[in-house]
Amino acid sequence: MSYQYTLLLPPLHTTADAAIHWFCKNLGLPTNAIMVEQSIHPDIGLRPTFSAQTRDYHTLCIEVSESLYPNTLDAFVLSCRDKGMPVRFFVAVPKGTLEKETAKRLNAAKNAGVGILEVDNSSGSMIQNALSLSLTGVRKIDVLSFPPKYRQNLTQAEQTFRDGNPIKACSMIYEELEGLLRKFAVKAAAKSWWPNKPGFKIEKDPWALIVRDLEVNLNLTSCPCPELKPAFMARIHGITPFRNDTSHKIVSAKALMKRDSELRTRFESAIDILRDFINATRKLKL
Amino acid sequence: MTTDASTAKLEQVRTDLIDRNPENPRLVFRPGELENLLESIRVYGVQVPISVYKQGRRYLLIDGERRWRCSLKLNRSTIPALVQPKPDALENLLLMFNIHSLREQWDLLTIALKLPRVITLLAQKLEKEPTEREISEQTGLNLSNIRRCKLLMELPQEYKDQILDELNKPKAQQKITEDLFIEMERALKTVERAMPDVIPNKDTVRRVLLKKYKKGVIDNRVHFRDMAKIARAKNVGYDLEAAEKELRRLFTDNDYSIEQAFLNSVGEAYRERDVGSRVSTILNLLEEMDPDELDDDLKAKLLKLFERLKEILQGEL
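Those protein sequences? They're chains L and X, same order as listed. Position 144 of the first sequence, counting from 1, maps to 143 under numbering that gives the first Met the number 0, and the rest follow consecutively. Position 125 of the second sequence, counting from 1, maps to 124 under numbering that gives the first Met the number 0, and the rest follow consecutively.
Only chain L is shown next, with the shape it has when bound in the complex:
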């Protein structure tokens, strides 16, 4: 099927048709969902070659280009990011383009969360997947500010986030935090810094209950971690509801935008709390 393009230059029409075919086939999009050269938002300063709403409430935008990631697309990426728009943005290029391009351009696209598809009339290959632009603004983790044993997991978590699975990425950070907190609780119980400890099974009982109790009953005069004041424990307690709350079903694009915005904040916040908690308990060599 051939589409009508007003803005796309004729030599790229077949690439665009092939890319549309590829996305329809691989994402199960109906052909009537494809919008050609339409505005996706009045304040976004670019009309992608084509766009479509996906079943998971993302706006799929594809710019067909003869080069991998032209500089002109940066402004589009930044606008979507600033507005927290759940856009998955791909650049579709004719087969063979990749050979001519530098790794620098490919990295620029990857760092911006932009996907790359190489396509011709008969086939297409996804060079890299696109991240929802509502998530790409996530702050880079300064792994060097963490002890070496955490760095690999943190790097993986950030990569997971950027690769398009922020729920799992948040979960990875929560796991680190939860593990560290349980270790602290075991030590606090053993050293009697937590005298009124109810009959918890520290390794198994809900994390939230343990934090809640530590917030109230941790004896800061005997515990050699003065930063672990009730306010700090309350910060940790504040994120426990999200530990298992990240995979709720999304029912609209608006809900997705809200969720992504929250996930970004949660991820960044969890990283900060983890760093602070590590620093606060550093003396204990947990």
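Treat the hints as calculated values from the structure; they're not laboratory data. Among the hints, erroneous ones may be present.
[Claimed, not checked] Listed next, the in silico EDC-like pairs over lysine to aspartate or glutamate satisfying Cα-Cα at most 20 Å (straight line):
#1 X:168 - L:100
#2 X:211 - X:184
#3 X:53 - X:64
#4 L:99 - X:34
Given chain L, work out where chain X should sit, using these hints.
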């Protein structure tokens, strides 16, 4: 022309109400050029208004298709535009020709594709076939370009398509260019006039020559001028049958270059004619000179020439 800019009104026109003008001869917009303009408009906006005319509730472009395309791509809702009165069909075309011939050069083929329509409309207006000079006056194109366009107009469609494909590529990557066809067609016309029997089928000859060009057997389009010189063998007193034989070989042998054909036939004769003509000029100049006023450098050169002449004409002296 009844339409002029003094009657136009400057307005902010909605980009989605503008349509490209089907009569716009410009067919080729290269990506690199558009990207630069896109970035400029993104940063500075459209600094020079486009020109449109109203057609019903919408607007048709007269000038500024690239600015309009970029504005639309940048999702700008409006663009500054001079809204002109609706021109008639001929005015519409001539406006675009004149705007562009004064400002930037379109690709010649795109002009060539529209020129027949201009000629038809002009013929209706003038009630006679327009001369090249009249076409030039109306379109702003110079006579040389009109003639070059005519050569392209006469090409079979498949070659026009080939050129159009090439034009869509960045300039540096274009190989099968308008200039190549213009040189080739000019030379073929000369051959047809001088030695009509040598070209039984012009299209077959074109194919052979293009194949050679793509293979690098012909490595410079200017060599087609030498092909025309072979056909004009009579001018240098070269044997016409031998020249025809060379051209026939040139049009059939896929590995035989124009350079070889030229050297194997009329090359020497043209060189001699060239030398003869230069010698005549030098003799005329020398006759006007006073031998006492010759400087040492010129004297040294003349002596060198004299020595060489003695060598060449030894048998004759």
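Check your understanding: Okay, which hints does this one fail, numbers in order?
Key -> none
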